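S.K.: What follows is each chain in one-letter form.
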Amino acid sequence: MDPILWILLALLAFMLVGALIAIETRDLLSSVICVGAIGFGTSLIFLLLGAPDLAVTQVVVEILVLVVLVRVVITRRDEAVTTSRSTLPVGVVLLALGVMAAVVFATIADGEADQDLRLRPFGQPRLTQIVDATLLAPAGRPELAPAGATAPASVGGAFLQDGLLQDEASRGSGAANYVMGILLDYRAYDTLGEATVIFVAVVGAYAVLRKVGRSHHAGNESDR
Amino acid sequence: MAHLVPLLVVLPLAGGFLMPLVGRLTGRRESVAALPILLTAGVLVMAVWLLLGAAEPMTYWVGGWDFPIGVSLVADGLSRLMVVIVATISLVALLFSMDYMARFTSPGLYYSLFLLMLAGMNGVVLSGDLFNMFVFIEVAGIASYALVAFGTESDELEASLKYLVLGTVASAFLLVGIALVYNVTGHLNWAKVAEGVAQAGGPTAPLYVAAAFFLMGFGLKAAMVPFHAWLPDAHPSAPAPISAMLSGVLIKASGVYALARLVFSVFDGDPALGWVLVVLGTLSMVLGALMAMGQGDFKRLLAYSSVSQVGYVVLALGAAAVMQARGVSAGVVGLMVVGGLFHLANHAIFKSLLFLCSGSVEYATGTRQLKDLGGIGGRMPVTGACVRIGALAISGVPPLNGFWSKLFIIVALVLGKLYVLAAITAIVSFLTLAYYAKVQRYVLGGAPSERVVRSREAPLGMCVATVVLAVLCVVSPLLVVPAVRSRVLDPASRVVTEGRAADTRGRIITADAETPAPAAETVRQVSGELRGGSPHPPRQAESGARDRLATVLNGRAPPDTAVGTETHRAGSAGASAQATAVTRQGRTP
Amino acid sequence: MQGMSLIVKTVTRLVAGFIVLFGAYIVLYGHLTPGGGFTGGVILAGGLALVVLAFGEDYARNVLTHSWARVGDTMGALLFLLVAVLGFVGGVFFTNFLPVGAVGRLVSAGTIPVSNLAIGIKVGAGLFGVFVALAVFRRTAAGGQEPGQSIEPDA
Amino acid sequence: MTLAMLPFILAFLLLVVGLYAIVAKRNLIKIIVGILVLDYAANLLLVLMGYRTPPAGGAPVAPILTGGAHEADALAATAVDPIPQALVLTSIVIGLSVTALVVALAIRLYEKYGTFDTNLMRNLKG
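Chains as they are written, first to last, in our numbering: chain U, 1 to 224; chain B, 1 to 589; chain V, 1 to 155; chain H, 1 to 126.
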């Protein structure tokens, strides 16, 4: 059995436990620190799965979030008891939901193994497919068809194959880091949206944190 | 012309980035509002131009990546209609903001968030890509969370928090849906996913699971009834122009429009999903109306009414899918969809009008409680008249716009033999009439309270904004006059009724090639165009490899006249895993 | 707030420069190695945040001021948008209009390093601004009305 | 049920746990924790779906070209799918943005009420 899968499962289990502790503990500081641990778990998984960009990003984001949250929590005394809404029914419903979803995940994978549009299991993403070789043969010369040729079966596969075309005739993004090539060239428009999201959140946070939201001196006087 | 499509997003985006600085540099509220109003007017002009200029749908591949690797913008009938609606309501809301926002501090931040929300909505309705749409839904969503809390009173903060939390849950569902769709089909582009689904002979179980996640996500954004909890808090808490934007266009752009795209453009009007929409729509319609009956707060009443009225639109879209699957004639299905889309446009107009009026009233009297507003029509004649027109329009009194769209929906439901739904729709129309009669009564009659006596008409800018919308309520029935309808509503309705068929087949149109052409042809055409406009050599020739891969990915035979010589990379899986040079007959350079 | 102890200040003085330098490296080499504009920007913001945490509120008010963060935020965003709009030069919106160059070089991949730089500036400035607003000025108790608890973010 | 589906299921359970915190907990910090967990879970799901098992015994191959352009083909045959990574990078940023905003809201609410407990707030009780 693939050792990576076992490490992954162990990490995921660790994160699940950590999440439950973070949610159920009564101490807010422990809760925040637990969530930090989950974040680092996520980062480890990213590293394990060949996503160093994500791992680095997750770590730095995690640190920033953790520092802010810890400062928010430790400088504010909260004497109120952390009560839950009638936890049990909600928990049972959600647990049922989770189990149901798990069953769905498991069955949609098994039931239609031979269909093209099935859920690909872990480790076998939809990247390439064996193509009908005659499609690739020159017109009228089917005997020249390459045997066992594959073609991309997904955007990701196409990108891996052609994202960095180096023959002079064509052009890829030219970025050695493919993820960055996608992020800032092929899907740069998404990244513009992403940059906008940060901008919106920053401006929004400034707006929310204003000391005075309404100026009562201007405009019509009202008796509010 | 095609370049207008990205500009619709870029203009408000640039304005949004600039406004925080502009707000610091100038203190006068008129000069702060000038840039946003100009930009939004520009967007409106471009949107109308786009709507009336070209009948053919356009697909704009950002960055020139004709290959399905890139992100596409799609401007078809539905997107264009939505862009015009969004820009119109935004412009009016901005006019209204000029005076209304004098009560708030930091106009620079306000206008920045407003423009970014507008950019987000334009991005959503123009996007042809699942993930890109998600990103822009987030842009619009996060801007709206902040705008709801703009007054920073505790009510507003709480409403914003509730809205934010539920919005984040919706986003997580959407992301899971995207993950599933990508895993299963390997594509993120609406059209490509649809093509894959069609090739496999319809959606499979994992895709239905993905659809369920999308339905929950978009349902939350659209505030359909089981997911509506946030709306009655968030919409009334926001400043009035923002309430108008949220109820008028945001829930439609990131909720209803996205649902329509999902069901019709990706799942090709799948009847099972159609039924889900019917159920969601009916529930929202009925429960929204019932909850609105009991409200004493003007804005809360309007918010519940939004839930109910958006239910009409979703019901109409769902019913269209159901009827299509049952083989009802295309004319009736078309009528159903036109009715739904017309109601969407109408609701944007009269709900924004009513929210803006509620803002005027609150501005003048400082209260939103209907029982304190007796006789307000006498003190504020313009606003009073506008409230009356809005209330009559939304309750479906002829000859105002609401009447026509509801009539269309009910008639189409009857013709499509969905009698029970038709009856429910008719009953809800009467309920609507009933609760708006309450509004009418308070606005018209009753002895003016002390609060009302001291009030006076709202400032000019606010009056102008409400009057513009009131006039639109009166003239928008013209949209169903055949000559206008064929330019505006019919292209949009075709996108819905023809589903995937209208969305994929060989309409890869970028900047310079606007005529429809077979896809393989166009790929080359586009690369040819790029060659012409590109400044540096590596760009200037496209290898045939990309053409070939494009065609393989598209599931089509490669074109007869492929380009030059190409190297074929054989996969490592096969026994002869080595590069094989395949020579094709060249074409004239 | 006076900032932290002398030891912390001294160490910060030594380390902060390296953190900022590292952030800049991550930004500039984003198209070659893991990282990129966003990650580097967060590191930059973290480095600056460290300085402010160690040296206290006064430092944030006088040296690394909020206005600078706002200007950087806007300028970064506009620069990225400019790169996108300049794509029209190459044909369509967001065309990578600069030469691609040799893979693996610092100057390669066309507009990607420029975009990375823009995003790095934007994210660094933006997140630093929010961090200061959230974690430094707002660390007071309930209903805190004492002076200086809020930087007035907008005029 | 195959073992290869288990990672997806666990990630999904993590999502449900985050949802549970958001729905059931009455404390702003706990709700923020729920939002963070929800984000992690959705991101993880996406990355898990892009993972490609390396050829026998090897380590997973990141989609980064370290050796020069001539290795591109070898990389294409083994590397994990880069698209989900790009999407998740965007998604992490969105998560961070939402977190910044929600923390700002929580701070303001604390200033108004002196507590993070939503039971003591007017409109969030329901």
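The hints are simulated quantities; they were obtained by calculation from the structure and are not laboratory data.
This structure is a prediction, so every number in the text was calculated from the model and none was measured.
Heads up, a few of these hints could be off.
[Stated by the list, open to error] Counterexamples of contact, computed for chain U against chain V with all Cβ distances above 12 Å:
{"hint": "1", "residue": "Pro3"}
{"hint": "2", "residue": "Ile4"}
{"hint": "3", "residue": "Ile7"}
{"hint": "4", "residue": "Leu11"}
{"hint": "5", "residue": "Glu24"}
{"hint": "6", "residue": "Phe40"}
{"hint": "7", "residue": "Ala55"}
{"hint": "8", "residue": "Val99"}
{"hint": "9", "residue": "Val103"}
{"hint": "10", "residue": "Pro121"}
{"hint": "11", "residue": "Asn177"}
{"hint": "12", "residue": "Leu183"}
{"hint": "13", "residue": "Ala188"}
[Said to hold, decoys possible] Here are the simulated EDC-like pairs of lysine to aspartate or glutamate, each with C-alpha atoms no more than 20 Å apart in a straight line:
{"hint": "14", "chain 1": "B", "residue 1": "Lys438", "chain 2": "B", "residue 2": "Glu498"}
{"hint": "15", "chain 1": "U", "residue 1": "Lys211", "chain 2": "B", "residue 2": "Glu153"}
{"hint": "16", "chain 1": "B", "residue 1": "Lys371", "chain 2": "B", "residue 2": "Asp490"}
{"hint": "17", "chain 1": "H", "residue 1": "Lys112", "chain 2": "B", "residue 2": "Glu450"}
{"hint": "18", "chain 1": "U", "residue 1": "Lys211", "chain 2": "V", "residue 2": "Glu57"}
{"hint": "19", "chain 1": "V", "residue 1": "Lys9", "chain 2": "V", "residue 2": "Asp58"}
{"hint": "20", "chain 1": "B", "residue 1": "Lys438", "chain 2": "B", "residue 2": "Asp297"}
{"hint": "21", "chain 1": "H", "residue 1": "Lys112", "chain 2": "B", "residue 2": "Glu153"}
{"hint": "22", "chain 1": "U", "residue 1": "Lys211", "chain 2": "B", "residue 2": "Asp155"}
{"hint": "23", "chain 1": "V", "residue 1": "Lys9", "chain 2": "V", "residue 2": "Glu57"}
{"hint": "24", "chain 1": "U", "residue 1": "Lys211", "chain 2": "V", "residue 2": "Asp58"}
{"hint": "25", "chain 1": "B", "residue 1": "Lys371", "chain 2": "B", "residue 2": "Asp297"}
Each residue gets a CB set at the ideal place from its N, CA and C atoms; glycine is no exception.
S.K.: None of the hints should be skipped; say for each whether it holds.
M.R.: Consistency of the hints with the structure:
Residue placement check: U:Pro3 keeps its beta carbon more than 12 Å from all beta carbons of chain V (closest about 23 Å). For U:Ile4, the non-interface assignment is confirmed: its Cβ lies about 19 Å from the closest Cβ of chain V, beyond the 12 Å cut-off. Listed as outside the interface, U:Ile7 is consistent with that label: its C-beta sits roughly 20 Å from the nearest C-beta of chain V, beyond the 12 Å cut-off. For U:Leu11, the shortest C-beta to C-beta distance to chain V comes to about 20 Å, beyond the 12 Å cut-off, and the non-interface label holds.
For U:Glu24, the requirement that its beta carbon stay farther than 12 Å from each beta carbon of chain V is met, with the minimum near 26 Å. For U:Phe40, the shortest C-beta to C-beta distance to chain V comes to about 15 Å, beyond the 12 Å cut-off, and the non-interface label holds. Against chain V, the non-interface label of U:Ala55 is violated: not every CB pair exceeds 12 Å, the least being about 8 Å. No Cβ of chain V approaches the Cβ of U:Val99 within 12 Å, the least distance being about 37 Å, so the stated non-interface status holds.
Against the 12 Å criterion, U:Val103 stays outside the reach of chain V, whose nearest CB is about 37 Å from its own CB. The Cβ of U:Pro121 sits about 27 Å from the closest Cβ of chain V, beyond the 12 Å cut-off, so the non-interface label holds. The claim that U:Asn177 lies off the interface is violated: its Cβ sits roughly 6 Å from the closest Cβ of chain V, which falls inside the 12 Å cut-off. Against chain V, the non-interface label of U:Leu183 is violated: not every CB pair exceeds 12 Å, the least being about 7 Å.
Listed as outside the interface, U:Ala188 is inconsistent with that label: its C-beta sits roughly 5 Å from the nearest C-beta of chain V, within the 12 Å cut-off. Our distance criterion of 20 Å between C-alpha atoms is broken by B:Lys438 and B:Glu498, whose separation comes to about 42 Å. For the hint pairing U:Lys211 with B:Glu153, the CA-to-CA distance comes to about 11 Å; that is within 20 Å, so the pair holds. Of the pairs offered as hints, the one joining B:Lys371 and B:Asp490 is violated, with about 43 Å between alpha carbons and a cut-off of 20 Å exceeded.
Taken as a hint, the H:Lys112 and B:Glu450 pair is broken in the structure, with Cα atoms around 31 Å apart against an allowance of 20 Å. The suggested pairing of U:Lys211 with V:Glu57 holds, with an alpha-carbon distance near 17 Å, which does not exceed 20 Å. With a CA separation close to 14 Å, the supplied pair V:Lys9 and V:Asp58 stays within the 20 Å bound. As the CA atoms of B:Lys438 and B:Asp297 are separated by approximately 11 Å, the hinted pair is consistent with the 20 Å bound.
Distance hint between H:Lys112 and B:Glu153 is fulfilled; the C-alpha atoms sit about 9 Å from each other, no more than 20 Å. Simply put, U:Lys211 and B:Asp155 have alpha-carbon atoms about 16 Å apart, close enough for the 20 Å limit, and the pair holds. For the hint linking V:Lys9 to V:Glu57, the alpha-carbon distance of about 13 Å falls within 20 Å, and the restraint holds. For a cut-off of 20 Å, the pair hint linking U:Lys211 to V:Asp58 stands: about 19 Å separates their Cα positions.
Our distance criterion of 20 Å between C-alpha atoms is met by B:Lys371 and B:Asp297, whose separation comes to about 9 Å.
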